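Please build the complete structure, drawing on both the sequences and the hints.
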Amino acid sequence: MSNAGIKRIPEIIAERLGDSADVIENVADSSGTEGYSQSVACIVKAKNKDAVSALVSLANELAGCTANAFSIHPISSGQNWGYGSATPNKSDKAIVLLSLIQLNKITYLDPDSGLCTLEPGVTQQQLYDYLNENHLPFMVPVTGAGPTCSILSNALERGYGITPIADHFSAITQMEGVLPTGDYYTSSLAAMDQSQNKFVDKAFKWKQGPYLDGIFTQSGNMIVTQATLCLARQPEGFDSFYLRFYGDTGFRRAHACIQKLFRQLGGVVGGINLMDKTRMMAMLADNPQGKGVHKVMTDQQKAALSSAHDIPDWTVVGTLYGSKSIVKAAAKEVKVLTNGLADKCLRSHSTKVSLARRVCKVAPKRAFLQLKQQLDSLSAATDIMRGKPSEVALSLSYWRNPHTAADASAHLNPARDRCGLLWYAPLIPANLSAMEAFVEMVRDITPRYNIEPLITFTHTSAHNIDSTVPILFDLSNPTAVDDAHNCLAALFEQGIKRGYVPYRLNIRQQEALDKNAVCWQTAGKIAHALDPNGVLSPHRYNPSRVANTRG
302 MSNAGIKRIP
312 EIIAERLGDS
322 ADVIENVADS
332 SGTEGYSQSV
342 ACIVKAKNKD
352 AVSALVSLAN
362 ELAGCTANAF
372 SIHPISSGQN
382 WGYGSATPNK
392 SDKAIVLLSL
402 IQLNKITYLD
412 PDSGLCTLEP
422 GVTQQQLYDY
432 LNENHLPFMV
442 PVTGAGPTCS
452 ILSNALERGY
462 GITPIADHFS
472 AITQMEGVLP
482 TGDYYTSSLA
492 AMDQSQNKFV
502 DKAFKWKQGP
512 YLDGIFTQSG
522 NMIVTQATLC
532 LARQPEGFDS
542 FYLRFYGDTG
552 FRRAHACIQK
562 LFRQLGGVVG
572 GINLMDKTRM
582 MAMLADNPQG
592 KGVHKVMTDQ
602 QKAALSSAHD
612 IPDWTVVGTL
622 YGSKSIVKAA
632 AKEVKVLTNG
642 LADKCLRSHS
652 TKVSLARRVC
662 KVAPKRAFLQ
672 LKQQLDSLSA
682 ATDIMRGKPS
692 EVALSLSYWR
702 NPHTAADASA
712 HLNPARDRCG
722 LLWYAPLIPA
732 NLSAMEAFVE
742 MVRDITPRYN
752 IEPLITFTHT
762 SAHNIDSTVP
772 ILFDLSNPTA
782 VDDAHNCLAA
792 LFEQGIKRGY
802 VPYRLNIRQQ
812 EALDKNAVCW
822 QTAGKIAHAL
832 DPNGVLSPHR
842 YNPSRVANTR
852 G
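Residues in the sequence shown are numbered from 302 upward in steps of one, following the working numbering.
No lab work stands behind these hints, which were simulated from the structure alone. In this text, all values refer to a predicted model and were calculated from it rather than measured experimentally. Incorrect hints may have been included.
Calculated pairs, DSS-like style, for lysine-lysine (alpha carbon to alpha carbon, straight line, at most 30 Å) [to be verified]:
| # | residue 1 | residue 2 |
| --- | --- | --- |
| 1 | Lys-561 | Lys-629 |
| 2 | Lys-350 | Lys-826 |
| 3 | Lys-499 | Lys-348 |
| 4 | Lys-826 | Lys-798 |
| 5 | Lys-689 | Lys-406 |
| 6 | Lys-346 | Lys-308 |
| 7 | Lys-391 | Lys-308 |
| 8 | Lys-508 | Lys-350 |
| 9 | Lys-350 | Lys-308 |
| 10 | Lys-350 | Lys-506 |
| 11 | Lys-561 | Lys-689 |
| 12 | Lys-633 | Lys-689 |
| 13 | Lys-636 | Lys-625 |
| 14 | Lys-346 | Lys-689 |
| 15 | Lys-603 | Lys-633 |
| 16 | Lys-645 | Lys-629 |
| 17 | Lys-689 | Lys-506 |
| 18 | Lys-645 | Lys-633 |
| 19 | Lys-625 | Lys-689 |
| 20 | Lys-561 | Lys-625 |
| 21 | Lys-308 | Lys-348 |
| 22 | Lys-645 | Lys-689 |
| 23 | Lys-636 | Lys-561 |
| 24 | Lys-596 | Lys-798 |
| 25 | Lys-406 | Lys-561 |
| 26 | Lys-689 | Lys-629 |
| 27 | Lys-350 | Lys-406 |
| 28 | Lys-391 | Lys-350 |
Ranges between beta-carbon positions, derived for each pair [what the hints assert, rightly or not]:
| # | residue 1 | residue 2 | range |
| --- | --- | --- | --- |
| 29 | Glu-312 | Thr-780 | 35 to 43 Å |
| 30 | His-712 | His-764 | 30 to 38 Å |
| 31 | Val-501 | Tyr-547 | 52 to 60 Å |
| 32 | Lys-596 | Ser-358 | 47 to 55 Å |
| 33 | Glu-312 | His-764 | 34 to 42 Å |
| 34 | His-764 | His-436 | 33 to 41 Å |
| 35 | Gly-593 | Ser-338 | 18 to 26 Å |
| 36 | Asp-323 | Gln-560 | 48 to 56 Å |
| 37 | His-712 | Ala-504 | 32 to 40 Å |
| 38 | Glu-362 | Ala-329 | 22 to 30 Å |
| 39 | Val-637 | Lys-596 | 41 to 49 Å |
| 40 | Tyr-409 | Gln-601 | 52 to 60 Å |
Yeah, the Cβ is synthetic: ideal placement off N, Cα and C, and Gly gets one too.
Structure representation (structure tokens):
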């Protein structure tokens, strides 16, 4: 496509959409935390769903026009850090970035059931404020990405958290939006229901006939403009527990504790995180190498940080939800079940923590600095577990950023601040030997590329485990960027041979999917049937179309 043709696209779009959207021209190449870059013709900030339909219709009209054809890449908040951020998938056409951030209405919330209908621009903080202002006793499905990130986009990426409904797409009960043809999709229940509020469509996930909502997640098959999700109710009782494990046997003892907790306290215990000491160091301490140094910590540096911050080899973090009496009894049971296995057991509502907070409150500012830091981290972690958005986990992205520090006084934005971050997030077989082998693999591969092995296992149940390994690097250092991507590739290639398969892929990994696999051939046929002109993120989780367009 000629530059003249690309330059005409913003003008054509602005003329068609009028006041229903803002069109931003002369956009710098889209980039994020990953080191990817992609040119876009313009950014369209839609003000309503009619603008979305009009843009999709225009893309179809121009699909046969070599000079002005374009594809659309929709984003909500554009903060898909580590997987692509706001950077589009590659395309054989000019790319228009469609921002849905101004579609930010909460259109429905049932005070009895917690069913909440919202648009893609609604952020974690916005929903939290809405619930507080209206005195509604429900929890925000928070993630570590923080207050400014979209609720809906995380669910559509099949993300998860540590609050009671850990699987965020499982909470989605209804969705609607603009198909690649420009048609507006609603479910079979909504099509049949002649009532005004169509409550059953909001309440019943599975609809009638073939279940379709799933094909609109991790795909370019629809621009979702509204969805309903079921919010978890704020529990009457809450507590969190922190278990510490030291020494070579720490991992096995931690695994045994987690299994016992799920077996004995299933339904009361929420998600459980298991973090290694290097991950905890990156969250609690500055990089001893210096942020601009592309090297891993030495054993001596790790030992010094462990001693200075009392960081064990493995840390278990879990939650308890229920009535006050049940949580109180469960907290006692946690202590009994972990006795003899965990070296230390601390609860957020324990007498020791309450006493420490009182001491720090009356002590001089410079006294007990380490204790104050630990209590602040504990409070921030507890906030997330109770459904309050927090940036406590987001500061990790800045650990190797030599130019910008994580400033607690301003909202953190790793892409804006040029942090280097990629995610390796495989599903792990829920058995001890597979988990130990995974730890060994990560600790063997990452140092070869000067990447710290920062390991977390998230147990959403006794049988479902996901690991998140953040690959942190200096985005301004070309060698560090290459090493980070080569490290991710090595982890991926070795991991899938051992049964560690990612549940979520970044925009470049999607291109490498096996186009001959029956599942992707099937997905490609669905995408082509819905989008014959290839106007809506045509290469997103769609290797068949990539292969076809590139011959």
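*Tell me, which hint numbers fail for this structure?*
Those not satisfied are hints 15, 25, 33.
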